Structure formats: structure tokens, C-alpha cells
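Engineer: Residue numbers (our numbering), protein chains in the order written: chain S, 1 to 321; chain G, 1 to 284; chain C, 1 to 331.
Hints listed in this document are in silico derivations from the structure and should not be mistaken for laboratory results. Fair warning: there could be bad hints in the mix.
Simulated crosslink set (DSBU-like; lysine-lysine; CA at most 35 angstroms straight-line) [stated by the list, open to error]:
no.: 1; chain 1: S; residue 1: K249; chain 2: S; residue 2: K265
no.: 2; chain 1: C; residue 1: K310; chain 2: S; residue 2: K269
no.: 3; chain 1: C; residue 1: K310; chain 2: S; residue 2: K257
no.: 4; chain 1: C; residue 1: K274; chain 2: S; residue 2: K39
no.: 5; chain 1: C; residue 1: K8; chain 2: S; residue 2: K90
no.: 6; chain 1: C; residue 1: K22; chain 2: S; residue 2: K269
no.: 7; chain 1: C; residue 1: K126; chain 2: S; residue 2: K237
no.: 8; chain 1: C; residue 1: K310; chain 2: S; residue 2: K249
no.: 9; chain 1: S; residue 1: K5; chain 2: C; residue 2: K310
no.: 10; chain 1: S; residue 1: K259; chain 2: C; residue 2: K126
no.: 11; chain 1: C; residue 1: K212; chain 2: S; residue 2: K257
no.: 12; chain 1: S; residue 1: K36; chain 2: C; residue 2: K303
no.: 13; chain 1: C; residue 1: K275; chain 2: S; residue 2: K257
no.: 14; chain 1: C; residue 1: K274; chain 2: C; residue 2: K22
no.: 15; chain 1: S; residue 1: K136; chain 2: C; residue 2: K274
no.: 16; chain 1: C; residue 1: K8; chain 2: S; residue 2: K257
no.: 17; chain 1: S; residue 1: K133; chain 2: S; residue 2: K106
As the structure is a prediction and not an experimental result, all values here were calculated from the model.
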Amino acid sequence: MLSIKNLSKEFPVEKGLFSRSNSTVKAVQNVSFDIKKNKVLGLVGESGSGKSTLGKTIMKLLNPTRGKIFFDNEEITQYNKRKMINVRKKLQMIFQDPFASLNPRKNIFDTLSEPILVHKLMDKKNIKDYLIKIIKDVGLNEESLSRFPHEFSGGQRQRIGIARALVLKPEFIIADEPVSALDVSIQAQVLNLLEQIRDSYNLTMIFISHDLSVIEYFCDSVAVMYLGHIVEMAPTKDLFNNPKHSYTKALLSAVPKVKSKNRNKIIIKGDIPSPINPPSGCVFRTRCPNPTHDCKEGNIEMGLIEVSPGHWVDQCCVNCG
Amino acid sequence: MNRNKIILKRFLLNKGSAIGGIFLIVIIIGAVFAPVIAPYNWNAVDTGPRLSPPSLSYLFGTDIHGRDVFSRIVYGARYSLSVGVISVLFGIIAGSTFGITIAYIGGRVDIIGSRIIDVMFGFPSFLLSLLVVAIIGVGLWNVVFAVGLASIPHFARIIRSAALQVKEQPYIEAGINLGFGNLRIMFGHILPNIFPIIIVIATMDLGGAIISIASLSFLGLGAQPPEPEWGAMLSSGREYMRYAPWTMIYPGLFLFLTVMSVNLLGDRLSQALDARQSINRGKA
Amino acid sequence: MRNTLEVKDLNTYFKSDYGSIKALENISFYIKEGEVLALVGESGSGKTVTSLSIMGLLPPNGFIEKGKIALLTKNNTQINILELSEKKLNQIRGNDVSMVFQEPMTCLNPTMTVGSQIIEVIINHKNISFSAAKKEMIELLKLVEIPEPEQRSTEYPHQLSGGMRQRIMISIALACEPKLIIADEPTTALDVTIQAQLLDLLKKLKNSLVSKTSILFITHNLGIVREIADRIIVMYAGNIVEEGKVSEVFNKPLHPYTIGLIQSLPEFNIENRKKIQPIPGNVPNMNNLPSGCNFNPRCYLVKESCKIQKPDLAKISESRKSRCFEYKQLI
């Protein structure tokens with residue numbers, strides 16, 4: 001349903017009237033993947049990984065620097081704002097911060113009905129019943145529609161954010177850290193809700209998060225990102241039971257778990273490099289716990305290799321074994 | 001207790017806003033009901049002995065033309081308040097449109113727009129108003145236009161930064177995501193959210209606008225005689241200051257009190273709205 | 001061996017436009033010398049208010065109604081923090097008790113080098129020369145595993161990464177070898193791999209510190225609790241609802257809220273191949289608490305008696321306590 005080829009997004013560092021910027025923030029580098037209908041792809045990574053930027057670039061909230069985006073068999077890479085309007089009905093986003101993602105000056109009814117009116121999806125008289133159904137689908141009652149965002153808790157606001165994404169009857173939703181700002185018990189409620197709507201609205205999703213447990217629970221396949229590159233991508237069970245890339249292994253062992261299992265804790269040293277000046281060759285080589293000579297020198301270019309069906313690993317770690 | 005009641009409570013309980021509020025209400029009532037309150041028409045000459053001191057029949061005395069100063073003050077409220085408000089409105093509307101537009105479009109447009117604002121700031125606003133008056137001529141409404149024009153960079157700059165902040169919020173991104181057009185986002189989403197700031201700077205500048213217009217009238221460039229604008233009255237009363245000080249004292253006093261009340265209210269308003277922002281965020 | 005910290009019947013309130021709101025009700029707990037106690041709760045549970053009450057850092061509209069907070073100082077005397085003057089409190093802060101906050105960027109002075117900030121704390125409490133303090137500062141930086149400490153100490157906070165800054169915060173907290181460190185969500189703002197580094201560091205420090213420093217570790221992340229804490233206290237809506245050793249509580253939780261929290265974890269449900277069963281409802285507003293047990297509207301074990309009477313924190317065994325009428329069902 002969604003297909004990305006060699007997508008890159010870079011931001012210029014200096015912005016000026018006449019100055020030309022030589023350095024760029026290499027937020028997303030050369031990302032490619034396909035997502036089939038009704039599947040959920042998880043994007044996981046730490047700060048600087050580029051996962052959020054990737055999500056926004058796919059949505060065309062940011063313009064890609066290089067590469068192609070294919071949505072529902074249409075190439076939308078070069079679509080301008082007008083052409084995107086039709087696409088936007090099918091491709092929607094859920095945002096991270098429940099406190100800032102709703103317009104504080106509009107009540108919920110207005111917030112939810114505005115997109116319908118803009119796209120002229122239905123007559124005014126049908127809107128109210130439609131919105132009542134949607135607001136109930138996300139677990140809130142009818143009178144929520146007349147209230148304002150500040151009257152709701154974080155979890156409830158996130159539900160409203162989900163409702164807003166559903167209003168245009170999308171087929172594809174990108175959820176950018178939808179539960180990261182919520183308490184554990186509310187997180188559970190919202191995850192449950194996302195599961196329900198995924199099934200009842202027949203959605204295909206990209207789920208962006210830094211929380212590996214949530215990704216493991218929710219997604220069908222996972223792509224691990226580091227400094228703008230995908231370093232490993234596989235169906236969820238494969239990735240978590242059999243990680244192949246050094247970074248994935250370190251990431252998995254770093255997550256504190258309640259039911260502790262015997263595992264070797266891999267502590268990687270140092271900080272994440274700046275995306276303005278990423279290491280040459282394999283971007284992870286500066287922190288890799290067991291690099292070979294070639295890795296360290298930066299001789300190996302990055303690129304994914306399929307090591308087993310559906311399981312892709314960056315070639316630097318494939319060579320290490 | 002819902003939050004509006006809380007804000008009202010905080011607002012009213014404060015001495016500054018109470019005093020300012022009461023005075024301003026008195027002035028506004030005076031302005032609106034001038035024909036009823038003022039014993040004489042503001043233009044009625046020789047209603048009594050010229051330059052007579054304040055008495056029961058002439059509460060603030062009479063001026064050189066025998067006009068009742070009290071009546072002129074009351075009618076003058078209409079002038080001084082309305083011109084202040086209109087000039088600020090003009091500046092706000094123009095400044096908001098400009099500020100929001102360049103903030104939203106960003107990039108080169110924003111840079112050029114900000115430079116334009118900076119250039120306009122290079123002129124002290126008073127001089128700018130003088131320049132405009134020099135070009136278009138004297139008169140009360142010309143001065144209103146000039147003062148309004150000179151206030152545009154000030155408003156535009158503040159509104160631009162407020163708009164920039166709002167633009168970064170996810171709900172604006174969400175709007176773009178949902179296919180909303182630029183105009184809808186700028187004026188349907190960004191504008192309502194910077195409205196509190198706009199109101200605050202408008203009220204805070206209202207005092208300044210009234211003074212500027214009064215000053216220009218004092219210099220003879222604004223209200224022309226016999227219009228009872230307080231600044232003009234100050235000017236014409238100057239000659240008789242020694243032996244008929246009431247012709248100057250009262251216009252000056254009312255200018256001072258009005259501007260002070262407006263400033264007090266504006267100050268309190270901004271504090272009350274700050275409170276609302278923090279209540280809005282769920283922390284009281 | 002006496003306890004480093006003993007809190008008895010702490011009641012904290014906040015004044016607001018709605019009147020006085022009770023944030024903490026009868027909080028009582030202790031921390032032994034050298035142990036790490038985890039204080040777990042969600043937003044609105046009162047865990048941060050607890051730490052602020054102990055440190056005397058409540059905002060102006062907060063006040064402590066009654067209670068006793070007994071701290072064992074470095075010269076082995078027990079003092080009641082609530083009875084101290086502001087001057088005496090300042091002597092203790094940084095010296096006997098220190099705090100590590102969640103967001104190091106706002107807690108470090110951006111206009112001073114990190115080295116001088118550490119030295120400032122040392123000189124404030126110890127009577128030693130500047131050069132001696134500087135030596136100690138370098139040793140501290142080595143202790144928290146900052147590479148090239150001499151170079152790093154001359155840098156400003158904004159030149160360091162989040163993980164580095166948090167290490168600086170920890171070194172400031174350790175500077176005077178306090179008896180108690182209160183760490184309020186110290187790793188929440190950090191990336192997972194950096195968090196792992198810091199937790200590893202804290203474990204090493206805990207085992208090696210000569211002065212038997214105790215740590216009150218506040219978090220909402222149960223995984224971290226498992227990694228680093230000896231005992232755990234679970235808070236809900238201003239009350240302590242469960243207390244016990246970490247291994248005991250996680251193996252057999254004795255309060256429906258604790259059970260609900262554990263079952264809300266994706267980790268738990270992946271293992272048991274279940275769909276998440278979240279705790280229904282929301283945390284109550286502190287000025288609108290339900291009658292009876294604070295948790296009863298959301299509790300799956302609720303009985304009529306729970307809605308009328310509030311359970312006490314009952315002592316079940318030497319180390320375990322639970323505030324629930326029905327805990328016996330869970331044993």
C-alpha cells in the first residue's frame with residue numbers, strides 16, 4: 001500500500017537571505033521499505049534517528065530531498081498542496097503531544113467537523129450523527145463534543161486526536177509516538193483503542209515509538225533506525241528473538257524489564273553523534289561494541305541485505321556475523 | 001468554579017483594575033451620554049462670562065470664548081477615546097495581517113518582512129507620524145491615520161513572534177495534514193490563538209495612542225479648533241495658564257487619568273490572561 | 001542500624017482557587033542505610049510532592065499540615081526536617097540530602113562551567129581550599145565515568161549531551177557524600193541506551209560507595225525499579241497502597257492497582273500472549289476523591305465495604321504492606 005524508495009530528507013543548517021549553506025542535517029538517509037495493506041510497521045529509534053522526520057516526510061508535511069514515495073499505486077513525491085488534498089483524505093496522522101495537538105480555542109465538535117466541511121464529505125445535517133458515532137468509537141461520550149480541550153485529561157485528548165485522524169475515513173495512519181506522553185495505565189487504554197480501530201476501520205499503519213515493548217506488542221514488522229538509516233528490518237518476532245545488528249542487540253538489552261530474563265547487558269559507550277556530521281561508512285561504527293577493522297575505518301557503505309526471508313540487516317553487521 | 005469565573009474574580013479583586021475600571025466606565029458613560037450630561041453644547045460660545053473660574057454653574061469654569069469647560073471635557077471624551085481606539089484598531093488589523101502572513105509563509109518572505117519592520121522601527125514613531133502628517137496634511141483624522149500607521153511595526157513584530165510560536169504547535173500541523181488551506185489556518189487557527197496577546201497589546205498601546213494623538217493636536221497638527229479634543233484644549237489653554245489655569249488643568253488631568261486607567265486595565269488584563277493560559281494547561 | 005530516613009504521617013496540602021487540596025495523606029515510610037527505595041506512581045499520585053516535601057522545596061502555595069520527617073545526618077544525629085529553619089535546611093541540602101532532577105538542562109546554570117558548579121557545592125559545605133575542591137571535583141567526574149574530566153570540567157552545560165549533563169547532576173549530588181539522594185525520574189528524559197549507561201553507573205556507585213548512601217528513586221517505569229531498587233512503594237492518589245521488597249511485589253503483588261499496573265505493561269501481555277486489559281477509568285481529581293477507598297471506582301475486586309470505608313495500610317508481613325480490604329484474595 002505504501003512504498004518508499006531511497007527517501008532522504010536533509011535540512012540546511014544556516015538559513016539566510018543570500019548565504020548558501022554547506023552543511024545539512026541529514027535527518028533521513030536513503031530509506032526504502034514497502035508496507036502491505038492492513039499491516040503495521042513499527043519505526044523504532046532514539047533521538048536523532050530520524051523516525052519522526054521520516055513520518056512527516058511520508059505525509060508530505062516536509063518535502064523530500066531525494067527519493068520516491070508511492071501511496072496506493074500513485075507516486076506522490078512531487079505532488080503539490082492541491083494534488084495532496086485528495087491523498088490526505090486517505091493518509092492521516094496521530095501526534096505525540098496530547099496537550100498541544102488540539103486547537104485550544106475550538107470545541108471538539110468544531111475541531112472534528114472542520115475537516116469534513118473543508119473536504120465537503122457530507123451534508124451538514126449528517127455531521128452530528130457521524131461525529132457522535134466516532135466519538136463513541138474512541139471511548140468518549142456524546143457531551144464531550146461540546147467541550148474544550150483543556151477540560152480533558154491527557155489520555156482523553158489523545159483519544160480525540162485519534163478521532164480527528166479517523167474523521168476523513170483514512171486507509172493509512174501514521175502514529176507518531178501516540179502513547180509516549182501518557183502514564184502507563186492510560187497508555188494501556190490507548191493502545192487497546194488503537195488495536196480496536198485498526199481492526200474495525202481496516203487500517204494500515206506506521207507506528208513510531210522509542211518504546212520497544214510497545215512496538216513489540218503492536219506491530220507486525222519493525223524497522224530499527226539509527227542516525228537517519230534503517231539498520232535492521234524484520235517481522236516483529238524475528239527481530240526480537242533473533243536480532244542481527246549490533247545496534248539492535250544493544251537496544252534490546254538496554255530496555256529495563258520487569259520480568260527479568262538472563263541476558264547479557266550490552267552497554268554501548270558514548271553519545272549519539274550529531275546528524276550534521278554523521279560518521280562515514282557505517283554510521284554506528286563509532287559506538288559499535290565489536291567492530292571489525294573495516295567497520296572502524298568506515299570502508300563499508302550502508303545498505304540493507306536480506307539475510308533471511310523478510311529479515312533485512314545493514315551489510316556492515318552482516319559481515320561481522 | 002469554572003475558569004472564567006476564576007479570572008474574573010482575580011481581575012476584580014485587584015485594586016488597580018478596580019480603580020482603572022471604574023474611572024474608565026465613568027469616562028465612557030460621559031462620552032456616550034454627553035448630550036444628557038453636559039449642560040451646554042461644546043461649541044456654544046458666550047454662555048457666560050469668559051474665563052470665569054469653576055463654579056456651580058460652570059463646574060470647570062469657562063474658557064476664552066465663554067464655552068463651558070466641563071461640557072467640552074465631556075464631549076472631548078468622545079474624541080479622545082474614539083480616536084485612540086480607531087488608531088489602535090487600524091494598527092492592529094494591519095499589523096496582524098502582516099505579522100501573521102510573514103510568520104506563516106516563513107523563509108525569504110519572513111526575512112524580508114522582518115527587515116521592513118526593522119526599517120520602520122528606525123524612525124521614532126512620533127517622527128513617523130509627523131512625516132505622515134507633513135505629507136497628507138493636518139486634521140484629526142489624518143493624525144489618527146498617522147499614529148495608527150506608525151504603530152504597525154510595533155504590533156507586527158509582536159504578533160509575528162506570537163504567530164511563529166503558534167505555528168510550531170502540532171495542531172497546526174494537523175490542520176495542514178487534514179488539507180486545510182493557508183488562509184483558513186492563518187486566520188481560523190493561528191489568529192484565534194494569539195487573540196489574547198493582541199487584546200493585551202492593544203489595550204496597553206491605547207494609552208500611548210491617546211497621548212500621541214493629543215500631543216499632535218497640542219502642536220496644532222491634529223484636532224483643529226473648535227474641536228474639543230483634550231490635547232487641542234491643552235494647547236489653547238496654554239496662553240491663559242497664569243490667570244485661568246482651569247482651562248489647562250482639566251484637559252491635562254483627564255488625559256492623565258484616562259491613560260492611566262487604560263494602562264492599569266491593560267496591565268491587569270495581561271496578568272489575568274496569563275493566569276488563563278496556565279489554567280488552560282491544566283495546572284492551576 | 002538506624003534508618004536514614006523515616007517519614008511519619010506526612011500530610012501535604014496545596015492552596016488553590018478551589019480551596020485547600022490535600023495532596024498527600026498520612027504518608028509513612030522508611031529507608032534503610034545503603035538501600036535503594038523506589039517510589040512508583042503515575043501522574044497525580046503524589047510522588048513528586050513527597051520528594052519536594054522532604055527537601056523543603058514545596059512551592060509557595062504548598063504547606064505541610066502535620067507529620068515528621070526524621071533524617072539521619074552525617075554526624076549520626078536524627079533531626080526532624082520539618083522543624084528546621086530555612087538556614088539549617090540550606091546546610092543540609094546538598095550535604096546530607098541531595099536531589100537529582102529529571103531535566104538537567106534547567107537545573108544546571110547555563111552561565112557557569114560544569115566544573116565550577118561542582119566546586120561551588122563542595123566549597124559551600126566543606127571547609128577546604130579551592131585547589132583541594134578542584135581535585136575532588138576531578139575525582140567526582142572520574143567516578144561518574146566522564147571521559148577526559150579535566151577538559152570536560154571547563155565546558156558549559158549546553159556543550160554537553162543529555163546523558164553527560166545527568167552525570168554532572170549525579171556528581172553534584174554525590175559531591176558531599178550525602179546520606180540520602182532523592183532522584184526524581186532521572187532517566188525519563190534520556191534515550192534508552194543512555195538510560196542503560198546511567199542505570200549501570202548508579203548500580204556501580206551503589207555497590208561501591210563507602211558512606212552507605214541511600215537512594216529514594218522516583219519513577220513510573222517498573223522495569224527500572226526491577227533493575228535498581230531493593231524495595232518499592234506504590235502510590236495512588238496521595239496514599240501509599242503497597243510496600244515491599246521488589247522481588248516479592250513483582251512476583252506476587254497484593255494490591256489491585258499494582259496488579260493493574262503490571263498487567264498494563266506491553267511486556268506482560270507479550271509474554272502471556274494476551275490483549276492488554278487496561279485499568280478502566282482515570283486517576284481521580286484530588287479535590288473530588290471517591291468515598292471509601294480512593295481506588296474503588298476502578299477496582300476489579302471492589303465490594304460494597306470498599307465504597308464506604310477507607311482501608312488502612314495493613315502490615316501483612318515483616319516487609320509487606322497493602323492498603324486493601326481484599327488483599328487476602330491475592331495471596
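Engineer: Each hint: holds or not?
Structural biologist: Structure-based check of all given hints:
no.	hint	verdict
1	K249(S) with K265(S)	holds, 9 angstroms
2	K310(C) with K269(S)	violated, 49 angstroms
3	K310(C) with K257(S)	holds, 33 angstroms
4	K274(C) with K39(S)	holds, 19 angstroms
5	K8(C) with K90(S)	violated, 58 angstroms
6	K22(C) with K269(S)	violated, 45 angstroms
7	K126(C) with K237(S)	violated, 56 angstroms
8	K310(C) with K249(S)	violated, 47 angstroms
9	K5(S) with K310(C)	violated, 61 angstroms
10	K259(S) with K126(C)	violated, 43 angstroms
11	K212(C) with K257(S)	holds, 27 angstroms
12	K36(S) with K303(C)	violated, 48 angstroms
13	K275(C) with K257(S)	holds, 19 angstroms
14	K274(C) with K22(C)	violated, 38 angstroms
15	K136(S) with K274(C)	holds, 24 angstroms
16	K8(C) with K257(S)	holds, 32 angstroms
17	K133(S) with K106(S)	holds, 20 angstroms
Checked against the numbered hints given earlier, the structure breaks hints 2, 5, 6, 7, 8, 9, 10, 12, 14 and satisfies all the rest.
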